Amino acid sequence: MGALVVIVAVVAAAYFLAPGPASDLVVVVPSADGHVGAVVVERDGKRTVVDQAYVASRGDDTVKMSEADVGKLFAEVRSSIPARPAVFQLYFIAGSDELTEESKGELTRMLEELKRRSAPDILVIGHTDTVGGLTENDRLSLARAERVRESFVAQGIPVERIHAAGRGKREPVVPTADNVDEPRNRRVEINVR
Amino acid sequence: MRWLVGLAAAVFAAACWANDVGEIKNVRGSVHVERDGKRVAAAPGMGVRQSDVVVTGADGSAGITFQDNSLLSVGPGSELAIEHYSFDSTTHAGRFDASLKKGTLGVVSGRIVKQSPEAMRVRTPTSIMGVRGTEFFVKVAEPGK
Chain Z
369 MGALVVIVAV VAAAYFLAPG PASDLVVVVP SADGHVGAVV VERDGKRTVV DQAYVASRGD
429 DTVKMSEADV GKLFAEVRSS IPARPAVFQL YFIAGSDELT EESKGELTRM LEELKRRSAP
489 DILVIGHTDT VGGLTENDRL SLARAERVRE SFVAQGIPVE RIHAAGRGKR EPVVPTADNV
549 DEPRNRRVEI NVR
Chain E
128 MRWLVGLAAA VFAAACWAND VGEIKNVRGS VHVERDGKRV AAAPGMGVRQ SDVVVTGADG
188 SAGITFQDNS LLSVGPGSEL AIEHYSFDST THAGRFDASL KKGTLGVVSG RIVKQSPEAM
248 RVRTPTSIMG VRGTEFFVKV AEPGK
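Top to bottom, those sequences are chains Z and E. Sequential numbering of the first sequence, starting at 369, is according to this note's numbering. Sequential numbering of the second sequence, starting at 128, is according to this note's numbering.
If you're looking for bench data, these hints aren't it; they were derived computationally from the structure. This structure is a prediction, so every number in the text was calculated from the model and none was measured. Errors might be hidden in some of the hints.
Said to hold, decoys possible - Dumping the calculated PhoX-like pairs for lysine-lysine here, alpha-carbon to alpha-carbon at most 25 Å:
1. Lys440(Z) to Lys165(E)
2. Lys165(E) to Lys228(E)
3. Lys229(E) to Lys440(Z)
To be verified - If we take Cβ atoms under 10 Å as the criterion, some of the chain E residues that face chain Z in the derived model are:
4. Asn146
5. Glu150
6. Lys152
7. Ser157
8. Val167
9. Ala168
10. Val180
11. Leu199
12. Ser205
13. Thr218
14. Leu227
15. Gly233
Stated by the list, open to error - Derived coverage of chain E by chain Z (criterion: at least 3 residues anywhere in the stretch with Cβ under 8 Å from a Cβ of chain Z; other residues may be distant):
16. 159 to 165
17. 185 to 194
18. 235 to 248
19. 261 to 270
Cβ coordinates follow ideal geometry from the N, Cα and C atoms, glycine included.
One chain only, chain Z, in its complex shape:
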């Protein structure tokens, strides 16, 4: 009886670690914040949703793997995932293009993050509050982002390493009704990647 249990366990481990039957394997893992997403796997017209941590789909089988086995099977690929983008928020003194005191500190932290990364690039994303129309805010948010990009270029960061984007009023940090003057939503988000 004991021998049978051992054999079953060995076969189960061998199934995933050894080269098996010719079918591709997909395994979902928790993200850095612990969230587990989902992948819909389609094979021969059949759809399977894989949405639990360390659960793998291979051929017709869905099997729970151990964290250690996933780590072994995907060691190199896991360690090669690029560093997660670092996110910084900059706020401006109302009616000016001057940063608030707090944001000047954020800018210093951003420059330190740049030094830590190999081949870093910067994404500057402008956001507005909900006052005004969609098109007008798209334009305003991009103008804010481009102004920040120019200031980075003036500080010696190569222009081709900085992208600017405008998100308009689509992504407020403080959700409000339309046409609400909310200073915390008038911001520029920086992603160092």
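Since the structure of chain Z is already known, use the hints to place chain E on it.
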């Protein structure tokens, strides 16, 4: 005349920039990119474009960050084709189709998937994966084993 040359260079640079959909951030071992029938050795900071194929040797691996913050990595002995990539940085609408011919792939999904679940698809020789979110790994079966 110098002004004209400068203008041409600026237009050319802008055109190149517009074509890049992502950037290689790390490289280990032998890795190259196949583009328009040519093989270019991969290096950190190198742009990646639609239709590029990233190929790693037995000792190779690489990580790529895309415009929408999708993060992909390929392990040793892999071949990954960027079949389609479009992303609107204002609306976050887009589509990302990649194909893993062989080897291993790691994915952390980005803004395209956050905006429209399953707008990112990964194809392997036996499967099509619709990505609804965050992190997963894929391994293509080795034929004849």
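I'd like to know which numbered hints this structure contradicts. Please list them from smallest to largest. Of the numbered hints, 1, 4, 7, 8, 9, 10 and 16 do not hold.
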